Structure formats: C-alpha cells, structure tokens
Amino acid sequence: MSAVTHTGASSSGAHLDALTDEAITIIREVATECENPVLLFSGGKDSAVLLHLAVLAFAPARLPFPVMHVDTGHNFAEVIEYRDRLVRDWGVRLVVASVQDSIDRGRVVEDAGPRASRNRLQSVTLLDAIAAHGFDAAFGGGRRDEDKARAKERILSFRDRQGRWDPRQQRPEPWALLNPRIRKGEHLRAFPLSNWTELDIWRYIERHGVPLPGIYYSHRRTVVERDGMLLAVGGPVVPEPDETPFVAVVRYRTVGDASCTGAVESEAADVYAVLAEVAAARITERGATRADDTFSESAMEDRKREGYF
Amino acid sequence: MLVTTPTTTPTTTLRIATAGSVDDGKSTLIGRLLHDTKTVFEDQLQAVVKASRRYGDGETNLALLTDGLRAEREQGITIDVAHRYFATPRRSFIVADTPGHAQYTRNMVTGASTSDVAIVLVDARHGVVDQTRRHAMIAGLLGVDAIVLAVNKMDLVDWNEGDFLSISKEVHEFVDALAHPVPVTAIPISALLGDNVVERSLRSPWYEGPALLEFLEHFETRAHIDRGARVHVQRVIRPQGGPQGDFRGHAGVVAGGWLRIGDEVTVLPSGQTATVAALHRWGAPVHEAGPGHAVVVQLATDIDAARGDVLVAAGGGPVVGADVVVDVCWMVDRKVDAGSRWWFKHGTRTGHAVVTEVQHRVDPTSLDLEHVDALGLNDLGRLRLLLSDSIVADRYHSLPESGRMILVDPADNTTAAAAMVHHVEVAP
Numbered sequence: 001m002s003a004v005t006h007t008g009a010s011s012s013g014a015h016l017d018a019l020t021d022e023a024i025t026i027i028r029e030v031a032t033e034c035e036n037p038v039l040l041f042s043g044g045k046d047s048a049v050l051l052h053l054a055v056l057a058f059a060p061a062r063l064p065f066p067v068m069h070v071d072t073g074h075n076f077a078e079v080i081e082y083r084d085r086l087v088r089d090w091g092v093r094l095v096v097a098s099v100q101d102s103i104d105r106g107r108v109v110e111d112a113g114p115r116a117s118r119n120r121l122q123s124v125t126l127l128d129a130i131a132a133h134g135f136d137a138a139f140g141g142g143r144r145d146e147d148k149a150r151a152k153e154r155i156l157s158f159r160d161r162q163g164r165w166d167p168r169q170q171r172p173e174p175w176a177l178l179n180p181r182i183r184k185g186e187h188l189r190a191f192p193l194s195n196w197t198e199l200d201i202w203r204y205i206e207r208h209g210v211p212l213p214g215i216y217y218s219h220r221r222t223v224v225e226r227d228g229m230l231l232a233v234g235g236p237v238v239p240e241p242d243e244t245p246f247v248a249v250v251r252y253r254t255v256g257d258a259s260c261t262g263a264v265e266s267e268a269a270d271v272y273a274v275l276a277e278v279a280a281a282r283i284t285e286r287g288a289t290r291a292d293d294t295f296s297e298s299a300m301e302d303r304k305r306e307g308y309f
Numbered sequence: 310m311l312v313t314t315p316t317t318t319p320t321t322t323l324r325i326a327t328a329g330s331v332d333d334g335k336s337t338l339i340g341r342l343l344h345d346t347k348t349v350f351e352d353q354l355q356a357v358v359k360a361s362r363r364y365g366d367g368e369t370n371l372a373l374l375t376d377g378l379r380a381e382r383e384q385g386i387t388i389d390v391a392h393r394y395f396a397t398p399r400r401s402f403i404v405a406d407t408p409g410h411a412q413y414t415r416n417m418v419t420g421a422s423t424s425d426v427a428i429v430l431v432d433a434r435h436g437v438v439d440q441t442r443r444h445a446m447i448a449g450l451l452g453v454d455a456i457v458l459a460v461n462k463m464d465l466v467d468w469n470e471g472d473f474l475s476i477s478k479e480v481h482e483f484v485d486a487l488a489h490p491v492p493v494t495a496i497p498i499s500a501l502l503g504d505n506v507v508e509r510s511l512r513s514p515w516y517e518g519p520a521l522l523e524f525l526e527h528f529e530t531r532a533h534i535d536r537g538a539r540v541h542v543q544r545v546i547r548p549q550g551g552p553q554g555d556f557r558g559h560a561g562v563v564a565g566g567w568l569r570i571g572d573e574v575t576v577l578p579s580g581q582t583a584t585v586a587a588l589h590r591w592g593a594p595v596h597e598a599g600p601g602h603a604v605v606v607q608l609a610t611d612i613d614a615a616r617g618d619v620l621v622a623a624g625g626g627p628v629v630g631a632d633v634v635v636d637v638c639w640m641v642d643r644k645v646d647a648g649s650r651w652w653f654k655h656g657t658r659t660g661h662a663v664v665t666e667v668q669h670r671v672d673p674t675s676l677d678l679e680h681v682d683a684l685g686l687n688d689l690g691r692l693r694l695l696l697s698d699s700i701v702a703d704r705y706h707s708l709p710e711s712g713r714m715i716l717v718d719p720a721d722n723t724t725a726a727a728a729m730v731h732h733v734e735v736a737p
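Order-wise, the sequence lines are chains A and V.
The opening residue of the first sequence carries number 1 in the numbering used here; numbering runs sequentially from there.
The opening residue of the second sequence carries number 310 in the numbering used here; numbering runs sequentially from there.
Because the hints were derived from the structure by calculation, they are not lab data.
Any given hint could turn out to be false.
What the hints assert, rightly or not - Covered stretches of chain V, as calculated for chain A (at least 3 residues, CB under 8 Å):
(1) 345 to 353
(2) 382 to 390
(3) 393 to 402
(4) 551 to 560
Values in this document were obtained by computation on a predicted structure and should not be read as measured data.
Glycine is no exception: its CB is placed at the ideal position from the N, C-alpha and C atoms.
Isolated chain A (complex conformation) (with noise of 0.2 Å):
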C-alpha cells in the first residue's frame, strides 16, 4: 500500500478548484439572500483570501457589500497600510468598528497589566457594529481545521439577538442548500472557507498571487520569548523585567491582535518556501501563535458562544 504522509505531501489542483468554486457558490448565495451582508476583514490571509474570492465572485461587478475592520487598536503598523492599499486598488467600501471606542463609551473594561489583551473585547465591538449598521449576515475568513470547535460550525451559523452562537441547538445544514432565513435584531455568520485548511488557503494565495502584508514573509524583528510564544516588542507588548529583547528572523503564521500573536522563527521569504514550511508544520497555526487559545480548553468555544468571529 502507499506511504502516506503529511497533508503538505500532496499538491491538489482539482481540490483547490473545488474549494474555489464551493465559496464563490456560497458567497453568492448568502450576498443575494440577505439584506445587507458585511464582509469581516482583518488585514489576516484567511480574510484576505476570502475577500479575493469575493471580488472574483461578481466580476465584473463591483463587490456589492462592504468589507468591516474590528480594529483592537492593537495593529502591526504593516496591516493596517496593507488593508488600505488593499482596499483603494480592489475599490472595496470599508467599514471601521473601532474597539477603542467601546473603551471610551464604557461599553468594556479594559483589562490591565501587561499581558491584557483586548481580543476578547472585540466581540462586543462586533456585535455593537454589527447592530449600527443592520447587518443582517457576516461573512467571515473562519476554518474548521482551525480549531475544534470551529470543526463543529455550519458554513452558515445562526446568532440570535444577542449575538450568541448555541452549539446545542445548530441549524441542520443538508447538502449546499443554506437557510437564510432570520428575524429581525437575529444575523447570520457565513464561513465560505469553512473546508479550507491552511494548506489550501496558501496554495490559492500561490495560485492567484494574493497580496499579504509583509509581515507573513522572514523579516528581522525584536522580540521577547513568552509562554513558549515569540511576540513582537513595541506597541502593546511591553517587556517584563525577567524578559531579554532579542533580534530574530521570524514570520507571522497568523495575524490578530499584536497582543497575543506570536511570530514564528522562519526563514521563509516568499510564498514557495512558505508553502514548503506549512506542509512540513508539525504544530498548528493556532497552537504556535496565539496566547489566547491557550489560556483553556474551550477558549474558541466559549468565545464563540460570545459573539466571537
């Protein structure tokens, strides 16, 4: 029988056209069924992915929603001058929710110490953003390779006034026939990537040749060693007092909030080499740079149930 090896081994065109069509089918979908769909962006590969699959979608068209940055205040400088580049040459409306302003009308706490992270905080900014505007469903960049209990989500997952996600109580979702139906103050979270894994979503940016921020490729940065977790030095991570700065070649395998994301030693450079590392990555993506899945076992989940991406 054949040798079998690491997801990475194979390289899968037919997959990835499948994969390609399956989302532009849902993007499709969901953007004509509802009212005023919005498209989550965070300047990350997944949403920069999605967003490109958006704009093949309805070509020639222009995208016919807008895409919302929930912006923690918390940003790699890099990410937020891609989104904007992004944005002016795509000709995409984008919409800014800013968490720092639910800090100011007291609509969280932040916490304090330095090790706070406001990731969670941006649930609420989400939701409150998500009311504003009337929003009736979300698309988001959301894989379930990502983490188990997003392997449990529907592509197209129900939220109720609150905002909440029941895992309990999921719609059943038979074949590609999704149900938008909701009522008002309810909304709906699309995951067009949903049967993505990180491999893939690399073999598309490959592919398509994706702009990313720079920050995903090798760059020389100073950094602190945290919790097993590399993370950048300047902006919210302030060095403790038993923690040496140091200079490392690293790259970014997730991009969230510059609080809790960790870089990863890499001398990977362009996108070849990058595909090379994640087919031979024996540690997922979530697992070696984010604090805040770590903290528990059903962080996601219980996040989730927030109001969470």
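The hints should help you fit chain V onto chain A, whose structure is shown.
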C-alpha cells in the same frame, strides 16, 4: 486588478461520513485515521492526551480529536457533526464525523448529505442494531456512492471470522432491500488499536480485502453521466456604469453536464431560448464549464432570466411543476401533516409549500411502509407538496443537485426537512 487562470490537475477529493450507533467507535475511528496518517499536529495530540487524563480515560482517547464541544467531552458522546481534513499523496479527504444518538439524527443527515462514501460502524459484540439500519437507510436515501461496513472492536471478539461474516451478511441483505441499494464493502477493524484502518492487520489473516484507507484511496466515485447541463441562476451580474456597463451575466453552478460557448439553452420555466455567448469562471473567461463549476453565463440575446430560473442545455430533461412528491428526513419536533404550511428552497427558488398528503412512513427496521397521518422528529417518509412557485426539478437519484430541497418552519425559521424529489406530478 485581479488576474486568475483556472487550472485543473487530476487529484481528486473524497467526502466521507461516519454513521452507526452510539459507542460503535465512529469518533475513535476518525481519530485513528487522522493519527495514523500523521495529520494530527503535536499540540493537538498533547491537548488530547491532557484532556484524556482530565476526563478519566485510561489511555489517550482519540475520539477527543473530533468531539470538540465541551458538552461532548464531558459526556463522552458526539452531539454534532465535526468536519476534519486529511490527505495522502493520492487524494484529499473531507471527513464528517457524525453523531450516533437517535436524537441527533438531523446532524448525521447534515454530515452524510454531501458525502460520497458512508462508513457505517457496527460493534462486533452487539451486531446490527436499529440505529445501524436507520443510518444505512439514510445513506441510501441520500444517495452515497458506497457504504463501507466497518465491523469494529474485532479485538473484543478475538477476531472471530464468523461474527464478522454474519454481521456482513445481515447488512448486505438489509441494504439490498432498500429502495436505492448501495454497494457495501465490509472490513473488520479495531479503531482503538488501528487494525485494518491504515495498514492491513496480521490479526485477521482470514481477511483478504483492503485496509480502510486503502479502500478509500482507490474508490472510484460514480462517473458523471452527462444529462445536459443546467444552471440554477443565483443572481444576475450587472455592473453599474463603467466600461462594462452593458455586461449582463447569470451567476450559478453548473450541474448535470458541460456547457460550452455556442450551446443553446432554454430558460425554464419560461421556455425562452438563447445561445451561450460567453462563460466566466472565477472572473476569467473560459470556453466550457462542467459539474460543480461556479460560473457566470452571458447569453447572446437579452432574455428574462432571474434568480430561481434555470438555464437548461439541450438534452437536459428536467420537469417543471409545483405538485411534487418528495422523500423526507424530518428533523424537527413539530410534526408534519396534511394541510401544514412550510417554506421551501429548491436550487435557488424559494417559496411556500403546503403538504397535500402524507403518503407513508418507512419503518427503518423492517422497511415496511406505514400509513400515518403525520411524520415526526427523525421519521423517514414520503410527502406530496403543492408549491407556490413551479420548480425545475430532476428526480433526486438521477441528478441530486436538481432534486434536493429543504423545508423550513416559518414559525422559527429552523430547517425542518431534507427532501429528495421522487417525482413531479404533471397535469394530464
């Protein structure tokens, strides 16, 4: 500016779903498959080792790789379908690990509906139980290409060939009696120990067939028979102004066959015809498009074709009508009886549906057809519906993409049924 070139290479995807009763080892099998194909990452495995200790399992419980919800891990059961992914050099796999409890049958339907192959597990000690039959029947109804009967826990019956053969015979007989029989391949396994999962086991010298993964890697899905292409129109693409101002295209997915530039298509239900002037896939022009391709079709003449309409190429023989008979998996507590009103979605057409007749319920054990007044949660049966709008449909078992529907409860918007078109009544 986005530039893209559609390409195809021959690696294929196989979608598989687990099925079978509670504790027959579905999640353990998928965990074993992921583990032994080296798809499990180190941090995932560490998390499972830690959780196994926490939930009091003696050994590493591979089921925790897919039982990802807190409620599932606390109770040691699967509540909802989990999707996992792995690949070998031959093939990419999308796996739906589904729950065994009768109360979560709707989640099993969700997982199995998109699958090419259903792996039906049976505990070798207990043999075939009601839930085995129910799931095999649902798999047949949904039209999977094959059932793998995985007779599991063979280590607990000392790899007794007789036990394996009698379970295999019983399942074969049951599946052969279904309205839509499916080929069955039986494999003796131990999901816990990994026998005959990825590698053939030395403990079953009497078994000469393939290990499970070997079977899945080599299984050929049913060849597409060209029934004539059809495209259920999702939306009309019309740029507002600009250089593309006069562009008008119909977006949708191709099903049933291939569509080429120059082909004549009929718009149903209206019956107008037009020629395909241009085809686009992923924003770029293409000469032809086949099953599953997400396309935009430009027609040579400007005719009325809107969301819900279907473009049908010559040779396609769908039936247009509003009086339809469907087989259903009923998935909500609210019962369905004659006179009850629902919302339907077929292709891209939506509207209201009134049940005019409950024709029968199928007993999932005996396969007897029972005359009942209503169907309830988890029932399988046949309904006649009168729709507010005509649909352009095929029989589900000839072309699933054009023969499937959902019914939705208008009271709370939950999806109430997976429905498969048996036939469309045509007025004499």
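Going through the hints against the structure:
{"no.": "1", "hint": "345 to 353", "verdict": "holds (count 8)"}
{"no.": "2", "hint": "382 to 390", "verdict": "holds (count 4)"}
{"no.": "3", "hint": "393 to 402", "verdict": "holds (count 9)"}
{"no.": "4", "hint": "551 to 560", "verdict": "holds (count 3)"}
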